[in-house]
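Chains A and B supply the protein sequences, listed in that same order.
Each residue of the first sequence is one higher than the last, beginning at 562 in our numbering.
Each residue of the second sequence is one higher than the last, beginning at 562 in our numbering.
The reader is advised that the hints may include incorrect statements.
Label pairs and their calculated CB-CB ranges [unchecked claim]:
#, chain 1, residue 1, chain 2, residue 2, range
1, A, Lys833, B, Asp807, 37 to 47 Å
2, B, Asp807, A, Thr925, 16 to 26 Å
3, A, Thr925, B, Leu1025, 53 to 63 Å
Which residues of chain B face chain A? A partial, calculated answer using Cβ under 7 Å [unchecked claim]:
#, residue
4, Thr595
5, Ala706
6, His783
7, Asn796
8, Gly853
9, Gly856
10, Gly873
11, Leu909
12, Gly923
What the hints contain is simulated information worked out from the structure, not anything from laboratory work.
Remember, predicted model here, so these are calculated numbers, not experimental data.
Every residue, glycine too, gets a C-beta built ideally from N, C-alpha and C.
2 protein chains.
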Amino acid sequence: MSMQVDTVLDRLRADEAGMLQRLKDFLAFESISTDPAYAPRVRACAQWLLEDLRKMGFNGALHETAGHPMVVASHDGPPGYDGPRVLFYGHYDVQPVDPIELWESPPFAAVVVDGPRGKRIVARGAVDDKGQVASFVEACRAWHATHGTLPCAVTMFIEGEEESGSANLDPFIKANKDLLKADVCVVSDTGMWDVDTPAITTMLRGLVYVDITVRGPSRDLHSGLYGGAVPNPINVLASIVAQLHDGDRRVQIPGFYDDVHELPARVAAMWKDLPWDDGEFLGEIGLAKGFGESGRSTLERTWSRPTCDCNGIVGGYTGAGAKTVIASQASVKLSCRLVAGQDPKKILAGIERFFRERLPAGCTMELHEHGCNPAIMVRDDSPYMKAAETGLRRAYGKAPYLIGSGGSIPAVGTIQRELGIDALLVGFGLDDDRVHSPNEKFEVKCFMNGAMSHAAMLAEFGALRR
Amino acid sequence: MSMQVDTVLDRLRADEAGMLQRLKDFLAFESISTDPAYAPRVRACAQWLLEDLRKMGFNGALHETAGHPMVVASHDGPPGYDGPRVLFYGHYDVQPVDPIELWESPPFAAVVVDGPRGKRIVARGAVDDKGQVASFVEACRAWHATHGTLPCAVTMFIEGEEESGSANLDPFIKANKDLLKADVCVVSDTGMWDVDTPAITTMLRGLVYVDITVRGPSRDLHSGLYGGAVPNPINVLASIVAQLHDGDRRVQIPGFYDDVHELPARVAAMWKDLPWDDGEFLGEIGLAKGFGESGRSTLERTWSRPTCDCNGIVGGYTGAGAKTVIASQASVKLSCRLVAGQDPKKILAGIERFFRERLPAGCTMELHEHGCNPAIMVRDDSPYMKAAETGLRRAYGKAPYLIGSGGSIPAVGTIQRELGIDALLVGFGLDDDRVHSPNEKFEVKCFMNGAMSHAAMLAEFGALRR
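Just chain A, with the same shape it has in the complex (with noise of 0.2 Å):
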């Protein structure tokens, strides 16, 4: 088996160039899922992918949700293989691009420039979650390349909706448990310790995301004749979202802290340990210092603590210049990031109340909610995590830290429930990666890495017995 692996590496080694131009065809389409403006790029999106993993063998389709197809495709591995098989979860999806005016060069026109460290590829969705769902496929791609097959069985699940909510998920899953049955899932859309050191997320909080819009008067009115006399939907709301935290920016509403838990002493322990520089993660935000929950550390206040920010308001005039109006409405997109304990149903539910609560005479409410998962916690004992480092030892000289993450996957925590095996987070981005923002990238040092990871740990899962 380790002679299979190094020709293997050696191939992706050597295959850079193709590897980098077919992610960049990948990067090409406009797969923003939020916006139905784009429905059929993301949808060209799915069939593309389609194609490429039919070139290594697997056999798949596209499958129809109420929203963005799903990609599903399955390789039974070696002739006569019985061992596990690996369900590859991630998704073709991506972020919208305002503001546009920040971008270097254009977001669907994938780079490749130099920095700090070396050559990185810019675009939107470099890294999250394309650039690292090729690092998956040109694993595959190089064993198929290299033996004629891969050295386990895999289902490739990539899914078009992440970005938005991953509405039609669990619906999905639960309707096609055999089609997706596996015996652990893979899941690369997280981080790297550091551009040199692997690290597998044990942790990962949930969200609820809701869109609220407050309502006054029945139409916009002249701030000269009614102002003073009338509720400002726009103060209103703003006075509303100020109630949410109290001076030490713990999060106001009645019940969040209920069922959340104090860091296991041994994870503590393991965080405390880790090589974690404030300066280094907020300076190159361009900050200081950091800012949150009072008497918690960055880490803590990222990974295991649950937040709630507002991601977009918009009310009245927001052209130049001066407009004196006071508008009819305002609206405001919320967010709460959720960690292990939290019912994501009982947060939504109190959100809505907070609001209610404090809308005066006069006001009115309406709320959306786009997405509402628990946070997750991935056993970290079990054979298949000693796979995982094993690969990742190989590919790096070193072995991955176990660490937590801020950001929410919602379907790892539907894998776990429904099908009811361990979800591996293996990825391999950086927190300078501007995910969601302007200009993201993906170092190319990551996505080789990435991909020979990838391809070692196929050969160490395909070596464990069931």
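Put chain B on the given structure of chain A with help from the hints.
Same frame as chain A, now just chain B:
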């Protein structure tokens, strides 16, 4: 004189169709002064107005400014006339039209439709202020058509930046005192008491308008990876805006009320006697009860008490669906309506200090001023005031009420101060004209009576000894 006036009023009554057609032509110009994209249309509107004035014996020109041009045109009255000169001030620019989707007809294609009070003309600027300027222009046209001249000397002074802060008005007036020399100023940019009852406004609130941008992280961030550990500019902005008012809706900017005085007993008594109906005023905009400074009537809240309202707010993702981002900045457009005694510069400084003192570490802010003018009070015992009352009584058969108004007309203060003359605020708008809102309208009855009132007032002014 009386005979002369009657023929003019008859002429106006007979020319309604022509008057409405000319108003439609005036309303067809998209003269949105606050948006640089419309500058050519603003200028075209000024040129059209100047040409029209020349048709009725005015000599004038467009006077360039750093912004949009001023229309100034002069008529010396009858041969050998040596009575008072009337300076008529108005503006030919209009507010933006958003939200455009709420308009029932194109904002710049005026239509005359039936309403509860008879015909009304609907378009942006119908009443604010093109329709009111037209009511005066048509009065002059009717005098010119029936008697070949005007009953007194008139200088038309129509600016194009009233809706965007009148940045160039003060310097222009200061630099052109001879050009604008007159004995009394008449302004038609205010409202009537009701459709059958004229009013002269003797109090106008001032205005301070600012645009504030709060900046935090140096770029947009993924709310999962950074949420909880960094200052969120939207939440920061909301928390500061929320602190602008206390539970009694009193503005919390230090010193805000220092120079605010209670109403003179005489005025308070006059207002108490006004047949005012809170239910009607608020019901028309979908509200059951008022909302404002505790212990104040709606009239006080809108005429004699200062305010602090958000006119617009924007930050982060405001498109369809969800985007899990923490924005790097958020902005608010904020304005205070001021009353007699308050110093705009002092309030402006207070607003900036209020925000700066509450900015958390890691955040910066930028403030831009879009207008800063004091409230004004007009003498209600001058011979010109009496002449105006007589003219209005002639057109309406009843005396006008002397009222206050919550709106601001920057020009009036400067005209009083720099030209040393009274300003008579005689307007013909109604509270439900949807000023600054979609489907802005002007009652045809108000337009016609306005023109007849101006025609009669011109005669009264001409009859005054110097």
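Hint by hint, which ones does this structure get wrong, listed from lowest number up? Violated hints (numbers, rising): 5, 9, 11; every other hint is consistent with the structure.
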